[in-house]
Amino acid sequence: MLRMLRRRILESVLSLVFLLVVVFILSRLTGDPSSLYLPETASDAVREEFARAKGFNLPIWQQFLTYMGDLSRFDFGESLRQQRPALSVVLEAYPATLRLVMWTIIAAVTTGVLLGCLASLRPGSLIDRLAVGLTVTAASIPDFWLALMGILVFAITLGWLPTSGMSTPAHWILPVVVLMLRPAGSIAQVVRGSMISILGAPFIRAARGRGLPVRRLVFLHALRNAAIPVITLVGVQTASILNGAVVVETIFAFPGIGRLMISAILDRDFAVVQAAVVVIALAIFTLNIIIDLIYGWVDPRVRT
Amino acid sequence: MKRASFAALSAAFFLMASAGTFAQDAAITIAVPEEPAGVDFCNSDTTAPSRILRGNVGEGLTRRNVETGVVEPLLATDWRQEAPGVWDFTLREGVTFHDGSALNAEAAAKSINRIFSDKVNCSIRAQLFGANKAIAEATGPQALRITMSAPDPILPLRLSSLPISAPSTPEDGVTDQPVGTGPYRMASWQRGAQIVLEQYADYWGDKPDVAKATYLFRPEGAVRVGMVDTREADVATNVALDLLGGDGVLAYDLPNTIIMRLDMQDAPLSDIRVRRAIGHAIDRQGMIDGFLNGAGEPAAQIISRFVDGYNPDLKVPEFDPALAADLIKQATADGVDTKAEMTYYVLGSANPYNPLIAQAMAEQLNAIGLNVKVVSLERAAMGDILLSKGNNRRAILQYGHDNLLGDASLTVNAIFPSSQKRSQIGPEFAAMIDPAVEKANAAVGEERTRLYRELIEYWTNEVIQDVYFATLQGAMKVRPGISYEPNFQTNEIMLLSDFSVE
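Chains as they are written, first to last, in our numbering: chain A, 293 to 596; chain B, 920 to 1421.
If you are wondering where the hints come from, they were derived from the structure by calculation, not from laboratory data.
Misleading hints may appear alongside valid ones.
[As the list claims (entries may be wrong)] Restricting the straight-line Cα-Cα distance to at most 30 Å, the calculated cross-link-like pairs of lysine-lysine (DSS-like) are:
1. B:Lys1308 / B:Lys1340
2. B:Lys1052 / B:Lys1038
3. A:Lys346 / B:Lys1234
4. B:Lys1038 / A:Lys346
[Unchecked claim] Computed beta-carbon distance windows for the label pairs:
5. B:Gly1013 / A:Phe366: 21 to 27 Å
6. B:Ser1020 / A:Val445: 40 to 46 Å
7. A:Gln354 / B:Glu1237: 19 to 25 Å
8. B:Leu1163 / A:Met441: 56 to 62 Å
9. B:Gln1109 / A:Arg497: 23 to 29 Å
10. A:Gln354 / B:Gly1019: 20 to 26 Å
11. B:Met1351 / A:Thr322: 36 to 42 Å
12. A:Thr322 / B:Ser1036: 27 to 33 Å
13. B:Gly1165 / A:Thr322: 35 to 41 Å
14. A:Phe310 / B:Lys1038: 57 to 63 Å
[Unchecked claim] Computed footprint of chain A on chain B, listed as stretches where at least three residues anywhere in the stretch have a Cβ under 8 Å from a Cβ of chain A:
15. 1011 to 1022
16. 1044 to 1050
17. 1368 to 1374
18. 1390 to 1396
Since the structure is predicted, the reported quantities are computational estimates derived from the model, not experimental observations.
Ideal Cβ placement from N, Cα and C applies to all residues, glycine included.
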């Protein structure tokens, strides 16, 4: 197990270094940011002075060496837009996204597992069809449309929920529901498929024959065996929600990292883009390692 | 008699109650699309910080009257030019900053010199002064002298855009706690969520109705509108033009012109008949009605009527596709390659109507015999093309141009001179344009206005580097009970003292 963990960490570090090089080069290829940070009426002399002061006039390899040198001292540089350390800007935005992702995953897993289990007990029943319908519908509806419709119906027409913001628990309901529908549908489908095959396995049939209650059978014995593909899916979905929360963050005005990263890319705020990539990559690598550990706990074969 | 008196009193009370009284010490919530990147006055030249800070938290030495365009006293009570580039200002007595310190010449000098310091990265410096530099010094307790490195005949106007900050403002970097002299002090800034302004009790001027304003950052326009409907906000700025005519939706003219820049170095745009044909090929009013809900008017020149130097005699080219097609035929007959493919660049993400207008423009240009394809760009890539010479590019760029200073020099100096990257003119026009720009820049008063008008007329009718589409309107929504009259500066300067709350 330890050997696997060491290998995973080493792979993550190598991937991170590769990612840094790629992001650095690609972001610099987008062009000189001076056109975005100086008024359109600024003279050419002022633009050249700006590029010199920020080091954008240097060859790209020289800029990269400077960046790596700074990074070795945990200096991610300064945000061009906010004129303060890029890492502070990113770390300020990160908790909002993490909380959003955490609540979304909790809601999606709970809904998906419950729905999947219920559907698997009676394949072809109304609840089974509902679960399939939810999956297909959730996968087909774009997040931005769902978010705007949610606001129109529940905030403006019915007045039950606030339109946007994040200051009270009520503010979190619409964004979490919008974000969780798609993963919940996928999880429900995987749980359903996995459970149907497990519920037909000889050890379950034997347990049923010994008179074990259905609830205990499903949630204690079958679900643990059906969990492995679900854990894989939750890992993939978490990374996808982490990366894709930008639409929901924009519509509901969540000051999260997705929104920050998009605006930093459009603003050519290189230091913030690089710091955000590092922080997101670290989170995804950590998540993958945690998933590997959970695998080991659920499936003893993995430990060896 | 008693009964009559009682009835009269009741009627008076009822009338008072029903007439609508305006609340003193009211609090309002304003939903805005964008959070400021910073709130230091020296970076308040862009819309997001300017709308919150200018005139509310920070005040300049002067202010520009939105009705007349005249520069009026604010923190300075009078001024005069002692010599070319040397200006003396007398500061208002009895004004204090929000930290209690007094406004005097030392404080004002420190604030002005700070924006030229290498230790503080101030964007307002380039915006307002370009390459010109100022040195401010106190010549008496309330007497301030500003010496420019090159003469600046409109310095008092420029200073209307520069809020004066307190001496306690850091000199080695930007601050996120701006301290000014305005009617409101910045109470808090919760990054990503809101900025709160509260009335400053010792403000030197009249006390406004609004005691507290909360600015909420909501990027999505439909959400801002919804917030007014649900009373989560009292005001929503920058709402969609489709809503014009709806309850509580206020329209206002913007100092913004939509321009099609013609990169005229290569054929077919190097031929003036082709450039002139483009002006006649587009149905401006039709597109304004079709795409902008009628919220704009056809433009005849690069600046709007709110800018000194605007030439009222210039006429919008008539929509005449037959004439346009004939001009193209003449050019083709003379060997101009009018079928060479041209790229029409447009900023795709700025608003929903930009790509629609671009597509309609391209179709109209193709209809007169040109060969145009539309390419939609994001902001940074558009900036790269806008700020470069168009050799071998065969490009038309659709972009919006603002002049908030109110003086044509801002537009002319950035776009007209052949040395500027945005200028696409060759030596044949540079010989006339470059010295004319210098001459207009140095002039004052009516002579200045006349010279800029002549220059703009020549640029519009003879050079034709640009074809103008329209000047636009903006829209905002207020809830019932809020009184506010927007003006052309509303997007950048939204004075809380102009709001009344019922």
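Handout entry: Distance restraint between B:Lys1038 and A:Lys346, which requires alpha-carbon spacing of 30 Å or less
Key = holds, 13 Å
Problem - Outcome for the supplied range 56 to 62 Å, where the beta carbon pair is B:Leu1163 and A:Met441 - result: violated, 24 Å
Exercise for the section: Mind checking the hinted window 40 to 46 Å against the Cβ distance between B:Ser1020 and A:Val445? Expected result: Given range 40 to 46 Å: violated, Cβ gap about 53 Å.
Problem - Given pair status - B:Lys1340, B:Lys1308, alpha carbons within 30 Å - result: holds, 6 Å
Problem - Whether the CB-CB distance between A:Gln354 and B:Glu1237 falls inside 19 to 25 Å - result: violated, 56 Å
Practice task
Please work out if B:Lys1052 and B:Lys1038 have their alpha carbons no farther apart than 30 Å.
Solution key: Distance ~15 Å between B:Lys1052 and B:Lys1038 Cα, so the pair holds.
Practice task
Starting from the range 27 to 33 Å, see whether the pair A:Thr322 and B:Ser1036 falls in it by beta-carbon distance.
Solution key: Once the Cβ atoms are compared, 31 Å apart, the range 27 to 33 Å for B:Ser1036 and A:Thr322 holds.
Problem - Assessment of proposed distance window 20 to 26 Å (beta carbons of A:Gln354, B:Gly1019) - result: violated, 49 Å
Problem - Outcome for the supplied range 36 to 42 Å, where the beta carbon pair is B:Met1351 and A:Thr322 - result: For A:Thr322 against B:Met1351, whose Cβ atoms are near 38 Å apart, the range 36 to 42 Å holds.
Problem - Hint check for B:Lys1038 and A:Phe310 - Cβ pair distance inside 57 to 63 Å - result: At 38 Å between Cβs, range violated.
Practice task
Establish whether the coverage given for the segment 1390 to 1396 of chain B by chain A is satisfied; the threshold is a Cβ-Cβ distance below 8 Å, and no fewer than three residues must meet it.
Solution key: violated (count 0)
Handout entry: 8 Å C-beta test of the segment 1368 to 1374 of chain B against chain A, three or more residues
Key = violated (count 0)
Going through the hint list in order, the structure does not satisfy hints 3, 5, 6, 7, 8, 9, 10, 14, 15, 17 and 18.
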